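Participant: All chains, full assembly: derive it from the sequences and hints.
Residue numbers for the sequence shown follow our numbering, so the first one is 163 and each next one is one higher.
None of these hints come from the bench; they were simulated from the model.
Note that the structure is a prediction, hence the values are computed from the model and not measured.
Even for Gly, the Cβ is constructed at its ideal location relative to N, Cα and C.
DEER-style ranges, computed between Cβ atoms:
1) 248 to 176: 14 to 24 angstroms
2) 191 to 220: 37 to 47 angstroms
3) 164 to 248: 40 to 50 angstroms
4) 238 to 193: 16 to 26 angstroms
5) 245 to 221: 31 to 41 angstroms
6) 166 to 201: 29 to 39 angstroms
7) 209 to 243: 16 to 26 angstroms
8) 202 to 234: 10 to 20 angstroms
9) 174 to 206: 15 to 25 angstroms
10) 221 to 193: 38 to 48 angstroms
11) 170 to 212: 18 to 28 angstroms
12) 245 to 164: 35 to 45 angstroms
13) 178 to 222: 16 to 26 angstroms
14) 168 to 212: 11 to 21 angstroms
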Amino acid sequence: MSYKNVLAIGIIVFILELILMGLWFYQVQPETQAALDIFMVIPILFGINLLLGLLFYFVKKPVGLLFLANSILCPLLFYAVWIMWFTYWSG
163 MSYKNVLAIG IIVFILELIL MGLWFYQVQP ETQAALDIFM VIPILFGINL
213 LLGLLFYFVK KPVGLLFLAN SILCPLLFYA VWIMWFTYWS G
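Facilitator: This is how it looks when you write it as C-alpha cells:
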C-alpha cells in the first residue's frame, strides 16, 4: 500500500468520523446535565482506536499507524464538537 493510498484512507476516515459525530449530536441533542458523559465517551473512543491501531500494527498493515494517530485525534475532535455544541447550537 503506497503512502498516497494510506493518506487517502486516513482523510476519508477523518471526514467520516466528523460527519458521524455531527449526526450523533444532531440526533441525540445532549443536555448540559450530560456533560459528565464526555468523561466516559472519550476514553472509550481512545481505547477502541488504540486497540485497532495496535492490532493492525502487529499484523504489519500500514493502516495501523492511521489508527494510532486517530486514537489521539478522535477524542480531541469529539471534545471540540462537544464544546461547539454547547457554545453555539444548544438551545
